[in-house]
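Next come the chains, spelled out residue by residue.
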Amino acid sequence: MNKEREWPLYEVFIRSKNGLEHRHVGSLHAADPTMALENARDVYTRRQEGVSIWVVPSKEIHASNPENQGELFEPAKDKAYRHPTFYELPIELKHI
Amino acid sequence: MNASLEKYVLQLADTSMILAHRLSECCGHGPTLETDIALTNISLDLFGEVRSYFQYAAKLSGGEKTEDDFAFLRTERQYYNLILTEQTNKDFAHIIVRQFLFDNYHYHLVEQLLTSKDETLSAIAHKSIKEAKYHLRFSSEWMKRLGDGTSISHEKTQAAFNELYPYVAECFIATTLEIEMLEKGIGADLEKLEIDFNETLEGILQAAKIVKPDTPARICQGKEGIHTEHMGYLLAEFQYMQRAYPNMTW
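Sequence order for the protein chains is A and B.
Under the numbering used here, residue 273 is the last one in the first sequence; the count climbs by one each step, no gaps.
Under the numbering used here, residue 251 is the last one in the second sequence; the count climbs by one each step, no gaps.
In case anyone wonders, no lab produced these hints; they're calculated from the structure.
These numbers come from a predicted model, not from an experiment.
Yeah, the Cβ is synthetic: ideal placement off N, Cα and C, and Gly gets one too.
Do not take every clue at face value.
If you only want the chain B side, here are some residues facing chain A, beta carbon under 10 Å, derived [to be verified]:
#1 E35
#2 A39
#3 L40
#4 T41
#5 I43
#6 Y135
#7 W143
#8 G150
Can you build the whole structure from these sequences, using the hints too?
Structure, rendered in structure tokens:
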């Protein structure tokens, strides 16, 4: 199929339960947002995976460049003090 | 009483089942992965509804028959589906138009069966109504997309509508059995069904820029077991396993 005649790509996000966040589950092709929602319902929620769907045109997602990994992420490597693991928590506080 | 109720249940089941089989023929052939899965989902939803009907029919038969006997071991004249649903798959527009006409009928039918005096039919309707509603939404969106799409998609959709619309009349011509079921408060009121059907139809046709053909309604007697030539071929494939290997299970 001619590239220009293909339906645009959408990224699909599903919320599995109320109270949880929407998570990226994959992508699909659709001609418009309504079709993208219907396709997402049929492709990604047939086994009761969700209670809510978001679809976002893939071209609207701006991503970091893998080539820039060095300056973007490596500086954080030796800064363990940024993790809040140096505090002593009272015993009463659980699940943190 | 049980005999007429049993036949009415089979009639409801057969229309959904024959279309479900037609849709299953598309499995793996959908124009895109997404529509392929969508049509297969609809097929499976309908088979789910059909199983409930056949289990009920088996109960009404007094345990003489099983759900599989009803599905696979009747002869052509013993199937009571609407003629619309046995029409073959031609192209995607054709499949969508057939689906939309069926979904529009099916949704409003199931809506009425919610309040059937027969508890089992009402329970089955409660289970099916959400699925039927989604199917109607799916095929309505596609009607608009294709009808009001490119000149080619419009042309194909209009051609499919011209061919299939004349079969719709059969939905609303009540048989003696359907009149009996309505009088007992069990079956659907086809006059009301026709009004609801037409209201939905007009809205979608307008949005899809599709017009009704001038051709007269086709005289169909699917509900009496008289079928078009497609039915024999369909059953030959559908029943093959049970005929070739009787009582086979998996």
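Evaluation of the provided hints:
1. E35: Since chain A brings a Cβ to about 4 Å from E35(B), closer than 10 Å, the hint holds.
2. A39: holds, 4 Å
3. L40: holds, 9 Å
4. T41: Cβ of T41(B) sits 9 Å from chain A, so the hint holds.
5. I43: Where the cut-off is 10 Å and the nearest Cβ of chain A is about 9 Å from I43(B), the hint holds.
6. Y135: holds, 8 Å
7. W143: holds, 9 Å
8. G150: Nearest chain A Cβ about 9 Å off; hint holds.
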